[in-house]
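J.: With the hints as extra help, turn the sequences into a complete structure.
Protein chains: 2
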Amino acid sequence: MKGSKRRTTILESAAPIFNQRGYAGTSISEILDATSLEKGGLYNHFSSKEELATAAFDFAWEAVNRYFSEALAGASPGAPYLHAYVDAFARYVRRPVVDGGCPLANAALEADDALPFLRGRVRKAFESVRSFVRHHVDRAVELGQFRAGIEVESVADFTIASLQGALLLSRGARSRGSLERVAASLHDWLRSLERPAR
Amino acid sequence: MKGSKRRTTILESAAPIFNQRGYAGTSISEILDATSLEKGGLYNHFSSKEELATAAFDFAWEAVNRYFSEALAGASPGAPYLHAYVDAFARYVRRPVVDGGCPLANAALEADDALPFLRGRVRKAFESVRSFVRHHVDRAVELGQFRAGIEVESVADFTIASLQGALLLSRGARSRGSLERVAASLHDWLRSLERPAR
Numbered sequence: 001m002k003g004s005k006r007r008t009t010i011l012e013s014a015a016p017i018f019n020q021r022g023y024a025g026t027s028i029s030e031i032l033d034a035t036s037l038e039k040g041g042l043y044n045h046f047s048s049k050e051e052l053a054t055a056a057f058d059f060a061w062e063a064v065n066r067y068f069s070e071a072l073a074g075a076s077p078g079a080p081y082l083h084a085y086v087d088a089f090a091r092y093v094r095r096p097v098v099d100g101g102c103p104l105a106n107a108a109l110e111a112d113d114a115l116p117f118l119r120g121r122v123r124k125a126f127e128s129v130r131s132f133v134r135h136h137v138d139r140a141v142e143l144g145q146f147r148a149g150i151e152v153e154s155v156a157d158f159t160i161a162s163l164q165g166a167l168l169l170s171r172g173a174r175s176r177g178s179l180e181r182v183a184a185s186l187h188d189w190l191r192s193l194e195r196p197a198r
Numbered sequence: 001m002k003g004s005k006r007r008t009t010i011l012e013s014a015a016p017i018f019n020q021r022g023y024a025g026t027s028i029s030e031i032l033d034a035t036s037l038e039k040g041g042l043y044n045h046f047s048s049k050e051e052l053a054t055a056a057f058d059f060a061w062e063a064v065n066r067y068f069s070e071a072l073a074g075a076s077p078g079a080p081y082l083h084a085y086v087d088a089f090a091r092y093v094r095r096p097v098v099d100g101g102c103p104l105a106n107a108a109l110e111a112d113d114a115l116p117f118l119r120g121r122v123r124k125a126f127e128s129v130r131s132f133v134r135h136h137v138d139r140a141v142e143l144g145q146f147r148a149g150i151e152v153e154s155v156a157d158f159t160i161a162s163l164q165g166a167l168l169l170s171r172g173a174r175s176r177g178s179l180e181r182v183a184a185s186l187h188d189w190l191r192s193l194e195r196p197a198r
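One line per chain: the protein sequences are A and B, in this order.
Just so you know, we're using my numbering here: the first sequence kicks off at 1 and counts up by one.
Just so you know, we're using my numbering here: the second sequence kicks off at 1 and counts up by one.
Treat the hints as calculated values from the structure; they're not laboratory data.
Mixed in with the good hints, there may be bad ones.
Repeated chains share a single entry, so a pair holds when one copy, or any two copies, can fit it.
Said to hold, decoys possible - Capping the alpha-carbon separation at 25 Å, the derived lysine to aspartate or glutamate pairs in DMTMM-like fashion look like this:
| id | residue 1 | residue 2 |
| --- | --- | --- |
| 1 | 49 | 30 |
| 2 | 5 | 38 |
| 3 | 5 | 153 |
| 4 | 5 | 62 |
| 5 | 124 | 99 |
| 6 | 124 | 180 |
| 7 | 49 | 113 |
| 8 | 5 | 58 |
T.: Quick look at the structure:
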């Protein structure tokens, strides 16, 4: 198998393991078991556990981004895009494309105190989510879908926070109903930002 | 030192370590270093790492509950209580009483796929949070503060989710501003549920 192909195969196995068991909680021997590699074979591609964990986070995060790009491909800009994002997020929580839930949420709570090597990546990933959500809130105002006076950054952060919290609640409380209720409330709240029809 | 006093001393050291580094990411030797105990001394009190981790979660969660009981001691029932809860939560995120953030959020995302021994506790803890928030939403309707038609469970879940997500966003994106924006949006949203004055 060619080097880069083999690298991808390793990450395909490693990413869901890290995402489920945590970066600190996963041992190299678990990765070796899952990939049927010898230690030397793994270290041909990744010089340390940190390097492997970082590459696995990137791999998982790219998969999540691909999922959302595809899920939102047909959505119109502005408010319809935000509503489609809420639905796509809820579908993601029900069926994550990487086993173990949201790689960003998982890494965020693990990296905040531990894993300094992942912290910068987590911050950048959140920044990119906030920037695309803000973009569509901005567009919604420009297109006259949302009222002009709304605070764009607050709307974006509230949207992202309630979705991340819905994920946490649905996984921690094992309550599928919570996810549906939060998504429905968020749809209602986004509708409350609409400009009243003249 | 008496047995139960020594047990508490161990948990005082262990709880913040688990809360920061994760339950899987913390080794017994880190706990021994922090407590200056010999292995035998630790195993006098806790028969396994799982038992210690479970007791440390309970210890941290009790500290959080004490914090909220004290912070909310003077709040009037119903809507004022919910607003006070939002503020107390935001203060908690800024200065957690247990280093490492919210033990429930941390344990929730770690226990969902791994740590089966903690899963039941996480679910019960979420259940108790949901039940007290629901109680005050209910009271707000009874007291005529909130409109009669609101969906109590949705209001409760949306409140909890947006707070948990604000924590995640503020720790992962390292953005203090996000916490303030989500708290302000949540206050506004709770006010939007009020019964219009006659």
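J.: How would you classify residue 5 and residue 58 at a CA-CA limit of 25 Å: within, between, both, or neither?
T.: within (16 Å within a copy, 46 Å between copies)
J.: Within a copy, between copies, both or neither: where do residue 49 and residue 113 come within 25 Å Cα-Cα?
T.: Both: 18 Å inside a copy, 21 Å across copies.
J.: Which holds for residue 49 with residue 30 at a C-alpha limit of 25 Å: within a copy, between copies, both or neither?
T.: Both. Shortest intra-copy (12 Å) and inter-copy (20 Å) distances satisfy the 25 Å Cα cut-off.
J.: At 25 Å max between alpha carbons, let me know whether residue 5 reaches residue 62 within a copy, between copies, both or neither.
T.: within (17 Å within a copy, 49 Å between copies)
J.: Between copies, within a copy, both or neither: which fits residue 124 and residue 99 at Cα up to 25 Å?
T.: both (22 Å within a copy, 24 Å between copies)
J.: Is it within, between, both or neither when you check residue 5 against residue 38 at 25 Å Cα-Cα?
T.: within (17 Å within a copy, 48 Å between copies)
J.: Should residue 5 paired with residue 153 be assigned to within, between, both, or neither, using CA atoms and 25 Å as the limit?
T.: Answer is neither; intra-copy 41 Å and inter-copy 49 Å both fail.
J.: Could you figure out if residue 124 and residue 180 sit no more than 25 Å apart (CA to CA) within one copy, between two copies, both or neither?
T.: between (28 Å within a copy, 20 Å between copies)
Hint 3 alone, counting from the list given before, is not met by this structure.
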